[in-house]
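In this text, residue positions in the sequence shown follow UniProt numbering: the first is 1, and each later residue adds one.
Just so you know, these hints were derived from the structure itself, not from any lab.
Hints are supplied without guarantee of correctness; some may be wrong.
The list that follows gives simulated cross-link-like pairs (lysine-lysine, DSS-like), each with its CA atoms no further than 27 Å apart [to be verified]:
{"hint": "1", "residue 1": "K41", "residue 2": "K125"}
{"hint": "2", "residue 1": "K259", "residue 2": "K282"}
{"hint": "3", "residue 1": "K261", "residue 2": "K298"}
{"hint": "4", "residue 1": "K175", "residue 2": "K34"}
{"hint": "5", "residue 1": "K125", "residue 2": "K282"}
{"hint": "6", "residue 1": "K259", "residue 2": "K125"}
{"hint": "7", "residue 1": "K53", "residue 2": "K175"}
{"hint": "8", "residue 1": "K20", "residue 2": "K34"}
{"hint": "9", "residue 1": "K20", "residue 2": "K143"}
{"hint": "10", "residue 1": "K261", "residue 2": "K41"}
{"hint": "11", "residue 1": "K259", "residue 2": "K175"}
{"hint": "12", "residue 1": "K298", "residue 2": "K34"}
{"hint": "13", "residue 1": "K261", "residue 2": "K175"}
{"hint": "14", "residue 1": "K110", "residue 2": "K261"}
{"hint": "15", "residue 1": "K53", "residue 2": "K41"}
{"hint": "16", "residue 1": "K298", "residue 2": "K125"}
{"hint": "17", "residue 1": "K110", "residue 2": "K34"}
{"hint": "18", "residue 1": "K34", "residue 2": "K282"}
{"hint": "19", "residue 1": "K20", "residue 2": "K175"}
{"hint": "20", "residue 1": "K110", "residue 2": "K53"}
Pair by pair, the computed Cβ-Cβ distance ranges are [unchecked claim]:
{"hint": "21", "residue 1": "G344", "residue 2": "A46", "range": "11 to 21 Å"}
{"hint": "22", "residue 1": "D236", "residue 2": "P79", "range": "21 to 31 Å"}
{"hint": "23", "residue 1": "S196", "residue 2": "E109", "range": "37 to 47 Å"}
{"hint": "24", "residue 1": "P285", "residue 2": "S5", "range": "47 to 57 Å"}
{"hint": "25", "residue 1": "T340", "residue 2": "Q60", "range": "43 to 53 Å"}
{"hint": "26", "residue 1": "S30", "residue 2": "E59", "range": "42 to 52 Å"}
{"hint": "27", "residue 1": "A23", "residue 2": "E109", "range": "40 to 50 Å"}
{"hint": "28", "residue 1": "Y179", "residue 2": "E276", "range": "18 to 28 Å"}
{"hint": "29", "residue 1": "E109", "residue 2": "E59", "range": "17 to 27 Å"}
{"hint": "30", "residue 1": "A312", "residue 2": "D275", "range": "42 to 52 Å"}
{"hint": "31", "residue 1": "E109", "residue 2": "A46", "range": "26 to 36 Å"}
{"hint": "32", "residue 1": "A7", "residue 2": "D314", "range": "19 to 29 Å"}
Since this is a predicted model, take the numbers as computed values, not measurements.
Each residue gets a CB set at the ideal place from its N, CA and C atoms; glycine is no exception.
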Amino acid sequence: MLQISCAGLPREIGLEHGRKAAALIQGSVSFYSKYFVETSKMDWEAACATASKFLPVLEQRAPDLVEEMQGIAEGSGVPFESILALNVRTEIAMGLMNDGCTSVAWCSEKFSVAGQNWDWMDAQKDRLVILHIKSASRHGTTKPAISTVTEAGIVGKIGLNSAGVAVFLNAIFAKGVNYNKLPVHIALRSALETRSRADAVALLESRGVAAASHILVAGDGATSLEFSATGSTRSDTNDGYLGHTNHYVREHGGEDLIKMKDSVPRMARVSQLMDEAAMTVKQSPDISPITILGNILKDEHDFPVSINRQSAGDNPASTLFTILVDLRAKIATVNLGRPTEPEGTWILAPVE
């Protein structure tokens, strides 16, 4: 997996991303060009036109990230409109992306750990990158350092920052998009630019997320945020666990189509395993919670549509990477590929 260290002002960060990942970014454009035609009968020109509807809200609420995307475009030689389209891919599909993912956060007085399997089409595995970002001070503000695993050309997805804030993403298959709110991937990156879980949650709730999704924010405890095009709901814990798959677990005005039929049993399996994990830690307090969480993300119950997923038949997605985060140590471990068959391991430890 390509690692890119980016530093400086937003345009400079984008330039480095674009230059180092140019071929991968072009591959991402090619992949989503085909994907949108196949799933929504939308060609790339139409996708870019849809993405442009977000420019007013982005210029107002995330101007630094607009500059960064302009830098990515310049560095990669890919038109800005295409970079913008990559960053609003969830919204272009009108909330109907079917990434199949499982995320969990587990907290107590003694530990705070979290992790996720990110499941998506096998073809995109080779276009995953790790961005290590150090933003220069601007307007009297210094942002935390960030390490995030994302798709080439996209400013952020899943990761953690030097303040000990981590974010995780689950797609939810539900209709609707709101062009006055932040696109999912812009929201994730924006949350990583805050210095506490409370600040990240406040930002996400105040600015909103444009399409159906679940964002798990972990730090000194954990917060589960479910978004629809019309609003959001939340659950918090400082002593216990929060897990999520790919359907709404709380009441929403939006329609949840539960496109991924395995999402409900997968969530039930997470709950079962986490209940067992709580008993294990209680009986054997020397066992590492992060090790237990890692084993849960390897689970193959109901394979191939298990927590640890493998594409087969009508199931087009596999687990492309696993991330485990120790929030108190501010360190994450990333494994490429299915966690039972890791193809490489990377340590993320952002420091300002």
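Hint check results:
1. With a C-alpha separation of about 24 Å, the suggested pairing of K41 with K125 holds against the 27 Å cut-off.
2. The straight-line distance between the Cα atoms of K259 and K282 is roughly 37 Å, outside the 27 Å bound, and the hint therefore fails.
3. With a C-alpha separation of about 20 Å, the suggested pair K261 and K298 falls inside the 27 Å cut-off, and the hint holds.
4. With a CA separation close to 21 Å, the supplied pair K175 and K34 stays within the 27 Å bound.
5. Our distance criterion of 27 Å between C-alpha atoms is broken by K125 and K282, whose separation comes to about 38 Å.
6. For the given pair, K259 sits about 23 Å from K125 by alpha-carbon distance, which is consistent with the 27 Å threshold.
7. Proposed proximity of K53 and K175 is supported: the alpha carbons are some 17 Å apart, at most 27 Å.
8. Pair hint K20 plus K34 holds up; C-alpha atoms about 24 Å apart against a cutoff of 27 Å.
9. Of the supplied pair hints, the one linking K20 and K143 holds, its CA atoms being roughly 23 Å apart against a limit of 27 Å.
10. Only pairs whose Cα atoms come within 27 Å are accepted, and K261 paired with K41 is accepted, the gap being roughly 24 Å.
11. A C-alpha spacing of about 11 Å is found between K259 and K175, which places the hinted pair at or below 27 Å, so the restraint holds.
12. Restraint check for K298 and K34: the C-alpha separation of about 31 Å exceeds 27 Å, so the hint is violated.
13. For a cut-off of 27 Å, the pair hint linking K261 to K175 stands: about 17 Å separates their Cα positions.
14. Straight-line distance between C-alpha atoms of K110 and K261 comes to about 36 Å, which puts the hinted pair past the 27 Å bound.
15. Restraint check: the Cα-Cα separation between K53 and K41 comes to about 19 Å, which is no more than 27 Å; the hinted pair holds.
16. Distance restraint check for K298 and K125: the Cα-Cα separation of roughly 18 Å lies within the 27 Å cut-off, and the hinted pair is therefore satisfied.
17. Between K110 and K34 the CA atoms are separated by roughly 47 Å; this puts the pair beyond 27 Å, and the hint is violated.
18. Restraint check: the Cα-Cα separation between K34 and K282 comes to about 50 Å, which exceeds 27 Å; the hinted pair is violated.
19. Using a Cα cut-off of 27 Å, the hinted pair K20 and K175 is violated, with the two alpha carbons roughly 35 Å apart.
20. For the suggested pair K110 and K53, the alpha carbons sit about 46 Å apart, so the restraint of at most 27 Å is broken.
21. Under the hint 11 to 21 Å, the C-beta atoms of G344 and A46, about 37 Å apart, miss the expected range.
22. A hinted range of 21 to 31 Å is violated for the C-beta pair D236 and P79, which are about 42 Å apart.
23. Checked against the hint of 37 to 47 Å, the pair S196 and E109 fails, with Cβ atoms roughly 18 Å apart.
24. Judged by the Cβ atoms, the range 47 to 57 Å given for P285 and S5 is violated: they are separated by roughly 38 Å.
25. At roughly 45 Å, the beta-carbon separation of T340 and Q60 lies within the given 43 to 53 Å, and the hint holds.
26. Taken as a hint, the range 42 to 52 Å is violated for the pair S30 and E59, whose Cβ atoms sit roughly 28 Å apart.
27. At roughly 48 Å, the beta-carbon separation of A23 and E109 lies within the given 40 to 50 Å, and the hint holds.
28. A hinted range of 18 to 28 Å for the beta carbons of Y179 and E276 is inconsistent with their spacing of about 44 Å.
29. Under the hint 17 to 27 Å, the C-beta atoms of E109 and E59, about 44 Å apart, miss the expected range.
30. As the Cβ distance of A312 to D275 is approximately 29 Å, the hint placing it in 42 to 52 Å is violated.
31. Restraint check, E109 to A46: a C-beta distance of roughly 52 Å breaks the suggested window 26 to 36 Å.
32. Against the hinted window of 19 to 29 Å, the Cβ-Cβ separation of A7 and D314 comes to about 44 Å, which falls outside the hint.
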